[in-house]
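Residue numbers for the sequence shown follow full-length UniProt numbering, so the first one is 1 and each next one is one higher.
These are computed hints drawn from the structure, not numbers from a lab. Backbone N, C-alpha and C fix where the C-beta goes; we use that ideal spot for every residue, glycine too. Treat the hints with caution; some may be incorrect.
[As the list claims (entries may be wrong)] Quick list of simulated restraints, FRET-style, between CB atoms:
| id | residue 1 | residue 2 | range |
| --- | --- | --- | --- |
| 1 | Glu98 | Leu177 | 50 to 56 Å |
| 2 | Glu96 | Glu200 | 55 to 61 Å |
| 3 | Thr179 | Glu29 | 43 to 49 Å |
| 4 | Ile76 | Lys184 | 42 to 48 Å |
| 5 | Glu29 | Leu156 | 16 to 22 Å |
[What the hints assert, rightly or not] Below, simulated DSS-like cross-link-like pairs (lysine-lysine); rule was C-alpha separation at most 27 Å, straight line:
| id | residue 1 | residue 2 |
| --- | --- | --- |
| 6 | Lys168 | Lys197 |
| 7 | Lys197 | Lys158 |
| 8 | Lys197 | Lys184 |
| 9 | Lys184 | Lys168 |
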Amino acid sequence: MEGLGFSPGDFIWVIRETNDSAEAQQLWEDEHPQAAGGAGPNVPTVDDAIPQVDPQWNPNEETSLACLRDYCAYLIRAIKSAVPRTNNIAKAMSLEQEKHESPSHWLERIREALQKHGGMDPEGPAFDTLLKEAQMAQTLPLDFAVHNIQPGDWVLVKEWKEAPLVAKWCGPFQVLLTTETAVKTAEHGWTHHTQVKVFEAPEIWTSQLEEKDGKPQLTLRRSGLEQ
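Required output: the full structure, derived from the provided sequences and hints.
What follows is the structure, given as structure tokens:
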């Protein structure tokens, strides 16, 4: 650090400024799992290991050098835990209820996935909205159809966009297969019927040059009907 023009004290504030006391305690316990119940004879306390002020460690002294090395380990852990992870709400929304999974366990698994992959505040309104959407969308299918969509139909699919979190209808996509509660498209795979809506089939025009009465004639067709 000295070779880079920084003193050890320049780095001391980093962990305390980016982590509160509870997080600092967790960093210390992660580095010393065997001492989670309290510092042992050869384990420094959290305040000694992650000081709030410059401890004036001297890298030329063996004891101070050992403290600096330990602090570097804490610093690396703190930086890794502080780096924001890319939200992946789609991963949480793609979960499926297992055959013998209880509704309460299923709901809790969705909640954990939204927190882990979506990085969302579990107390926020957007979290509750997505939780309900995911629970409805991926619950085990019923024994009867709850939609009228058929293979060959065109549908719009609801997608969730981040920052700000809003639902957006994308498509149209053509339905390839259906079950009692879901439809399958080439672009989105299986999607619950609550996440799609029927879209009027787009007009498809084709042209063909033909000869009629000895003269070339351009024929236009729309969805198979000659115009």
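Right, here's what the structure says about each hint:
no.	hint	verdict
1	Glu98 / Leu177: 50 to 56 Å	violated (22 Å)
2	Glu96 / Glu200: 55 to 61 Å	violated (31 Å)
3	Thr179 / Glu29: 43 to 49 Å	holds (48 Å)
4	Ile76 / Lys184: 42 to 48 Å	holds (45 Å)
5	Glu29 / Leu156: 16 to 22 Å	violated (49 Å)
6	Lys168 / Lys197	holds (12 Å)
7	Lys197 / Lys158	holds (8 Å)
8	Lys197 / Lys184	holds (13 Å)
9	Lys184 / Lys168	holds (18 Å)
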